[in-house]
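All residue numbers for the sequence shown refer to full-length UniProt numbering, where the first residue is 1 and numbers rise by one.
What the hints contain is simulated information worked out from the structure, not anything from laboratory work. One should not assume that every hint holds.
[As the list claims (entries may be wrong)] With a straight-line cut-off of 25 Å between C-alpha atoms, the simulated SDA-like cross-links for lysine to any residue are:
no., residue 1, residue 2
1, K103, S90
2, K104, F32
3, K37, G128
4, K37, L92
5, K104, F60
6, K125, L135
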Amino acid sequence: MSAVFKTTHLLSYSFIFGASTYYSYIVSPKMFKVLDKESFSTIQSAVFRQYFGLQVLSGFILPVLAYKSGLKIGKVGYYSAGISIIASLSNLLWLQPLCHNIKKQRQALDLQKPEDAVEDEILRKQFGKYHGLSLLMNVIYSASLLAYGIKFGSLI
Numbered sequence: 001m002s003a004v005f006k007t008t009h010l011l012s013y014s015f016i017f018g019a020s021t022y023y024s025y026i027v028s029p030k031m032f033k034v035l036d037k038e039s040f041s042t043i044q045s046a047v048f049r050q051y052f053g054l055q056v057l058s059g060f061i062l063p064v065l066a067y068k069s070g071l072k073i074g075k076v077g078y079y080s081a082g083i084s085i086i087a088s089l090s091n092l093l094w095l096q097p098l099c100h101n102i103k104k105q106r107q108a109l110d111l112q113k114p115e116d117a118v119e120d121e122i123l124r125k126q127f128g129k130y131h132g133l134s135l136l137m138n139v140i141y142s143a144s145l146l147a148y149g150i151k152f153g154s155l156i
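Modelling step: build the complete structure from the supplied sequences, incorporating the hints.
Structure (structure tokens):
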């Protein structure tokens with residue numbers, strides 16, 4: 001049974017690290033360059049809930065699979081999984097919904113009115129701040145998953 005858990009752990013780690021790294025650092029920047037702002041935003045909004053959900057799930061599943069397979073990932077493995085959970089939960093439950101709401105507020109404004117133009121500038125700055133935090137959480141997630149992988153890799 002241990003071989004099944006070891007194989008599942010290896011494939012799960014490979015999938016989540018590859019998928020999240022590829023989407024975050026290759027697909028998203030490319031879409032940002034080639035799509036208009038509205039299309040890019042629509043795609044990202046449609047994908048993010050599942051993307052961040054998969055990140056959260058991986059933070060729980062990987063250490064359980066490591067434990068079940070007899071791998072001694074130690075504090076580094078468990079702490080990095082915990083950090084990945086915190087970072088991805090921050091995006092899933094706080095930052096992504098907040099950014100989405102700010103975007104909706106901006107779309108509802110009538111920019112022909114001077115007071116709405118001022119409000120738009122305030123909302124744009126808020127969006128930039130929270131989007132920057134979201135990017136930071138994604139980098140923290142990626143770094144914690146990499147640390148997990150380095151520890152895991154030293155055991156196989």
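Going through the hints against the structure:
Under the criterion of a C-alpha separation no larger than 25 Å, the hint pairing K103 with S90 is consistent with the structure, at around 18 Å. In summary, the hint linking K104 to F32 is supported, as the alpha carbons are separated by about 19 Å, within the 25 Å threshold. With a C-alpha separation of about 15 Å, the suggested pair K37 and G128 falls inside the 25 Å cut-off, and the hint holds. For the suggested pair K37 and L92, the alpha carbons sit about 22 Å apart, so the restraint of at most 25 Å is met.
The straight-line distance between the Cα atoms of K104 and F60 is roughly 32 Å, outside the 25 Å bound, and the hint therefore fails. A C-alpha spacing of about 15 Å is found between K125 and L135, which places the hinted pair at or below 25 Å, so the restraint holds.
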